[in-house]
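Engineer: For what it's worth, my numbering labels the leading residue of the sequence shown as 1, then goes sequentially.
FYI, nobody ran anything at the bench for these hints, they're computed from the structure. Hints may be right or wrong, so weigh each one.
[As the list claims (entries may be wrong)] Straight-line distance between alpha carbons at most 27 Å, and here's what the computed DSS-like set of lysine-lysine pairs gives:
no., residue 1, residue 2
1, LYS148, LYS98
2, LYS137, LYS53
3, LYS34, LYS3
4, LYS44, LYS34
5, LYS99, LYS148
6, LYS64, LYS53
7, LYS3, LYS95
8, LYS148, LYS125
9, LYS200, LYS3
10, LYS99, LYS78
11, LYS99, LYS157
12, LYS200, LYS99
13, LYS200, LYS44
14, LYS137, LYS157
15, LYS157, LYS125
16, LYS53, LYS148
17, LYS125, LYS34
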Amino acid sequence: MAKYRHIVFDVDGTLIDTRDCILYSLQEMLMTVKGERYEIEDLKFVLANTSVKNMHLLGVEEEKIPGAVEMWVANEEKNIDMIRIFDGIEELLEKLEKKGSTLGVVTSRTREELELVLDQLPIRKYFSICICADDTKEHKPSAQPLLKYMELSGARKEETVYIGDSASDMACALNAGVDCVHAVWGEPETEADATYRAGKPEQLEEIFYKNCLTEPAF
Numbered sequence: 001m002a003k004y005r006h007i008v009f010d011v012d013g014t015l016i017d018t019r020d021c022i023l024y025s026l027q028e029m030l031m032t033v034k035g036e037r038y039e040i041e042d043l044k045f046v047l048a049n050t051s052v053k054n055m056h057l058l059g060v061e062e063e064k065i066p067g068a069v070e071m072w073v074a075n076e077e078k079n080i081d082m083i084r085i086f087d088g089i090e091e092l093l094e095k096l097e098k099k100g101s102t103l104g105v106v107t108s109r110t111r112e113e114l115e116l117v118l119d120q121l122p123i124r125k126y127f128s129i130c131i132c133a134d135d136t137k138e139h140k141p142s143a144q145p146l147l148k149y150m151e152l153s154g155a156r157k158e159e160t161v162y163i164g165d166s167a168s169d170m171a172c173a174l175n176a177g178v179d180c181v182h183a184v185w186g187e188p189e190t191e192a193d194a195t196y197r198a199g200k201p202e203q204l205e206e207i208f209y210k211n212c213l214t215e216p217a218f
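The whole structure should be built from the sequences, with the hints applied where relevant.
Structural biologist: Take a look at the structure:
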């Protein structure tokens, strides 16, 4: 019997590789809004935050933030061909669904931003509940997004697991009292407290259904 009935995923860096799309789209927007050219490596910190928080961190003037975010999203739409599903994810989701798991999403994207990318991909059909930045006052690493998922789905903490690539993902899960898997198949932060660690999507099935971890969490 599966230990986890509810399997919840982060999106960027976990289900799909959006790094180049996000960062190049942001770089282009900042050139327009601020007249400054940022190096891509200097923008990587934005990957774990909401878009509005990133605007504050990047020093975008308050009155310009709505327009800046809108331009960033428009640039992502223009660069949508840069996005790809990580190898093994589609096959994993199909197997999990067939075994009766309920699959969900908790992301720092707004619903508009999520729909921009996820609704264009064949994996969208697997997720019954998607919690976005619009749905909670607090965001990862706060527990609120996962608690909101559990409220809407009726999931219990002990039957829920969250998979993400960043330290804020893992902190969100641990703050919510939920087991978590640090996904290190993309370009993850090197260290994060987690229940499990997985180097490729195929390892998740082993973790979920055999309760056997091939690589210890660090």
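Engineer: Hint compliance check: list the failing hint numbers for this structure, sorted ascending.
Structural biologist: 3, 10, 17
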